[in-house]
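Engineer: Listed below, chain by chain, are the residues.
Number of protein chains: 4
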Amino acid sequence: MLIVMDHAATPQQVEAVMEQVRACGFRPVPMPGAERTAVCVLGNTGPVNPAPFENLPGVKECIRVTKPYKLVSRETQPQDTVVTVAGTPMGGPAIPVLIAGPCAVESRDQMFRTVEFLVSHGVKLIRGGVYKPRTSPYAFQGLGEKGLEILAEIKQQFPVGVVTEALDHENFNAVEPVADMIQIGARNMQNFSLLRRAGESRKPILLKRGLAATLEELLMAAEYILAGGNRQVVVCERGVRTFADHTRNTLDLSAVAVVKQLSHLPIVVDPSHAAGKWPYVIPLALAGVAAGAHGLLVEVHPDPARALSDGPQSLTFDKFAELQEKVQRLLAATQQG
Amino acid sequence: MLIVMDHAATPQQVEAVMEQVRACGFRPVPMPGAERTAVCVLGNTGPVNPAPFENLPGVKECIRVTKPYKLVSRETQPQDTVVTVAGTPMGGPAIPVLIAGPCAVESRDQMFRTVEFLVSHGVKLIRGGVYKPRTSPYAFQGLGEKGLEILAEIKQQFPVGVVTEALDHENFNAVEPVADMIQIGARNMQNFSLLRRAGESRKPILLKRGLAATLEELLMAAEYILAGGNRQVVVCERGVRTFADHTRNTLDLSAVAVVKQLSHLPIVVDPSHAAGKWPYVIPLALAGVAAGAHGLLVEVHPDPARALSDGPQSLTFDKFAELQEKVQRLLAATQQG
Amino acid sequence: MLIVMDHAATPQQVEAVMEQVRACGFRPVPMPGAERTAVCVLGNTGPVNPAPFENLPGVKECIRVTKPYKLVSRETQPQDTVVTVAGTPMGGPAIPVLIAGPCAVESRDQMFRTVEFLVSHGVKLIRGGVYKPRTSPYAFQGLGEKGLEILAEIKQQFPVGVVTEALDHENFNAVEPVADMIQIGARNMQNFSLLRRAGESRKPILLKRGLAATLEELLMAAEYILAGGNRQVVVCERGVRTFADHTRNTLDLSAVAVVKQLSHLPIVVDPSHAAGKWPYVIPLALAGVAAGAHGLLVEVHPDPARALSDGPQSLTFDKFAELQEKVQRLLAATQQG
Amino acid sequence: MLIVMDHAATPQQVEAVMEQVRACGFRPVPMPGAERTAVCVLGNTGPVNPAPFENLPGVKECIRVTKPYKLVSRETQPQDTVVTVAGTPMGGPAIPVLIAGPCAVESRDQMFRTVEFLVSHGVKLIRGGVYKPRTSPYAFQGLGEKGLEILAEIKQQFPVGVVTEALDHENFNAVEPVADMIQIGARNMQNFSLLRRAGESRKPILLKRGLAATLEELLMAAEYILAGGNRQVVVCERGVRTFADHTRNTLDLSAVAVVKQLSHLPIVVDPSHAAGKWPYVIPLALAGVAAGAHGLLVEVHPDPARALSDGPQSLTFDKFAELQEKVQRLLAATQQG
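Chains as they are written, first to last, in the working numbering: chain A, 141 to 477; chain B, 141 to 477; chain C, 141 to 477; chain D, 141 to 477.
Do not rely on the hints blindly, as some may be mistaken.
The list treats identical chains as interchangeable, and a pair is accepted whether it falls inside one copy or across any two copies.
Below, simulated DSSO-like cross-link-like pairs (lysine-lysine); rule was C-alpha separation at most 30 Å, straight line [claimed, not checked]:
no.	residue 1	residue 2
1	Lys295	Lys207
2	Lys264	Lys207
3	Lys207	Lys417
4	Lys207	Lys459
5	Lys466	Lys400
6	Lys200	Lys295
By construction, these hints were calculated from the structure, which means they are not laboratory data.
Chain A with its partners taken away, still in its complex shape (with noise of 0.2 Å):
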């Protein structure tokens, strides 16, 4: 349940309305908004009276909320979440945000490379990991803390926020100076531990959906981290494990749809995991924004053929020019409504 405070509550009310939740068994999270506060009812098993809080003074009213999650549901929150990442909002009204670059840094002169192309095409945040997860443990496992000075010294020199992916703590700890958004990764979607330690962080949170994981399982992740405190937080549909093989995963772009039902947060999706081959990132990106994402991760690379990790899904500037051109004008469409 959601005790929706008046906007004229104060803060002794407030304090009030968490004192008689606890009173009654539950959990009481504060949850302050723009123009007023509200109160989630947490630790709950079966429907919550409102009876006990419905006339305490300054409530409003007492919104139920049907989900196992709360924090993310769309009940608690009808309205959109926009998180900003270094100056560009994400989510809601705002214009579909393009992320791109390499998977991996592998080089300074790589990544200015391609920074400077896509800074030159209007792009605003960069992708780039420099923890790797990896399959082989033989595998290059990303530049780690030198690539984090690369991404520093991009930040420096281009009007760019950098989003990169933390793996543990300790990484975490590391890339959370220098990201302006940490992405936490499909095979690590219920790495719990790693999902409360995002919602003790105030960066905004790029979380994946894992390779099987339903939407509400989805859903309650991004719940660990807004429970924690973090509410800048927005999911990525990358495609899922199937029988089918043309493509690395099956892009569900149905998600993006249920996703912005079900909840407030916004919602990316990432052609270039799904397609796992380059020919086929243009039409599933392009697919993704008429399907009403608020962004698309795209992976660019100066010489696809020679990246030390998914060279085969990578877009030549070339092409990511393409694809740019594409999004626009498809935006352009579909806006003017």
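Dock chains B, C and D against chain A, hints included.
Structural biologist: Relative to the frame of chain A, chains B, C and D by itself:
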């Protein structure tokens, strides 16, 4: 292998080539085209040696076909097939087509109301099943012959073509004279006997991807029809079965790009069966068009709540009008280039 | 609902009950049993009120059936169905049965060699396809009528029954006089027209689970056959299609326990099609028996490397003998209790 | 490649080989064995030329390893690994082991009652989670340290070893002194940071297959642990996620045979998490043993209806006794050969 004849090759030269193919232990299939004839060599395992053929009189070139499907492969026919249904072209550069109508023909009144509405919105191809594949033997199985009569009357009264499904030889025979396009449904995609019957027909065939079919299997199913002599085949992505439980099926839009790369056949998308719930139909329809589909198959019903089948995924007239307007705006934008 | 008649109920009393069912707007299906008759009430949505029936003369009790499938449900018939094929019982307390033989009948010699070997090892039911469902139109499609003649000869010369597949009405008609059990394959599990044909037959039917079929769908497919009047149905778990790539399909052995709980029909397991590679056939066969299957369907070939289909998953004679010995030891152990 | 040293090779000779490996640009990993040492060559793409190594003093032979996993591959170590947990051997010729206990440690009383019962039935390894991975942040997360104290007390009072899960570095450190075997759960199978921590431990690791993991990915995850220096790894098949809705997960028993073919590591089966409902646990457990598993992981609870997690899939004491008796009968039968 494909033996392409010179445009000036005589019938005798073609026959001589076919004879030579037979002499080598293979099976020749002549493929007459608009400008030139080709002979497809079937029955080989491993690559075919072109030497016995390439110097025969009238032979222009020998093209190796590396896929298990031959006639549907883009290697065999680089240019797009355009299938014309009741005057409306599907495939290649043609404007994506909307095929709309109820899941099942339920009554004369229901069909007339629906078609009147659709025609007033410019729709030229009407869908409606009279023989329905139903999971339960106790569920509504379609109106059968009576439904066919309604479809025939629709064709007389309105400037539309009709698309309807056949489940076996018997009702293929029944629908063939009336239908402008005959659907083979997902559950019958590997009903090889029905595919052979479709191969003998001269009506265009709409072949839906099976619930767990790979794209190679889909193309092999289409190959059965082409190998039987019917080249008018449109394939349809309608979602596959996965663990995901928020939609009826998981729409695999990468199929659009991949089929267009591998084959010259048109591919359309059915967002209704994929979604299973009408609120997700419009975003998935738009995504399908953005991904490059040659058309959409959409369920519309005058009163979805009372539909005898698939009500939850059927659009009302108002919602269909919204879909159509959004699709047209999208097409206008993407066609500009 | 199921209306169970007293064992002394007269035919007139049964007819009166059926008349009352019709009068209530439902459809009665009489189900004669060894000891008593029952009447199944079909055509209802929602629960049926037993009041109009329970006091009619000769009525013993009214049993509510909560599942969408009626005749196959254990609610309707608590005791196990035993299907007898050429004298060999399958289901209930009967010893699990081995059905063995090649994927396809390839020649008189191949079949005679195989059957001679199998008979010498005590096998009583032989499998072998003469009409083969093949992904490619260019692959070996079975010997057809010539194959049926070989099967007929086998039956004359050896004390065995034969199990063979039908793909459509036409070849159902052809195999029906020869086969002791007619298989409906995975790709045809929802070929409702073929299921109806099987319902008209009096030969036992082996119904394989589709590649992406839920157990409810499998039981509904069986319901088509029982509703048509043929109660001799054995279902078969043969693996489903998943992302797993180390076997041809993923054998879902929980299906054995679940089907036995939900239905009175026998269930057998096909480890050959699940494995796709012979080294995994024996462990999966043993697992199937341990899980409680009423039988196994195993592919055996005198020379797997030269088999026209499914060679890689076929056991040699030696390996089959090993399988049989291990199965018997397992059965001896589990039967002791 | 694996460079196998003569049993009489000196440490200097081993070091010389390693130096040569480095000189060729690869990474040598020494693998001391009971009878002889080997050197694994890592870091190569493509096959390694054995010429520079095979004539060095002390080298017996060079074995090509074709798989992406090296140390876990049966090519590298043909004989079975036997992992001994608190005196109980798992793997190879050892009698399959039963690991039983509740999903979560809930209280001292619950654990003592359960362990008393299990010990009286001869069980030697107890499972019980104190750090629980839960989909919801609001669900019971385990007793943590207090639970560890209970496990420590259990070990003092009963002749058993304990198996418990670690979710991150912090609780790996906490459970390591107490646990006899540390579980890495399905959701953490590709938590590479946790795998590396497990590689540094000298406690046996129980590594569960991820919900959508291929067997190659499972073995690569194990490779992370072995590459870190911990060779005591047992993998666990616990069901994968598919469209099938009659069980919680689909138990893929072919994994047992395939892992035993590809790797020398032991593999156990968890029928409880696969089934999700207790009535299916016994048949799946028996199937697992028949398939050749080296052990079973089974959930048992004194009062499943009141369990704080996984109640529906937990066996009562009576049902566990039934399972154990059936497993023993099965083992007696299959061991005879």
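Engineer: Check Lys264 against Lys207 for me: Cα-Cα at most 30 Å, and say if that holds within a copy, between copies, both or neither.
Structural biologist: neither (35 Å within a copy, 42 Å between copies)
Engineer: Taking 30 Å as the upper bound on the Cα-Cα distance, should Lys466 and Lys400 be classified as within, between, both, or neither?
Structural biologist: both (24 Å within a copy, 19 Å between copies)
Engineer: Cα distance capped at 30 Å. Does Lys295 pair with Lys207 within a copy, between copies, both, or neither?
Structural biologist: neither (40 Å within a copy, 41 Å between copies)
Engineer: Is it within, between, both or neither when you check Lys207 against Lys459 at 30 Å Cα-Cα?
Structural biologist: Answer is between; shortest inter-copy Cα gap is 27 Å, intra-copy 42 Å.
Engineer: Are the CA atoms of Lys207 and Lys417 at most 30 Å apart within a copy, between copies, both, or neither?
Structural biologist: between (37 Å within a copy, 19 Å between copies)
Engineer: How would you classify Lys200 and Lys295 at a CA-CA limit of 30 Å: within, between, both, or neither?
Structural biologist: neither (45 Å within a copy, 55 Å between copies)
The earlier numbered hints that this structure contradicts are 1, 2 and 6.
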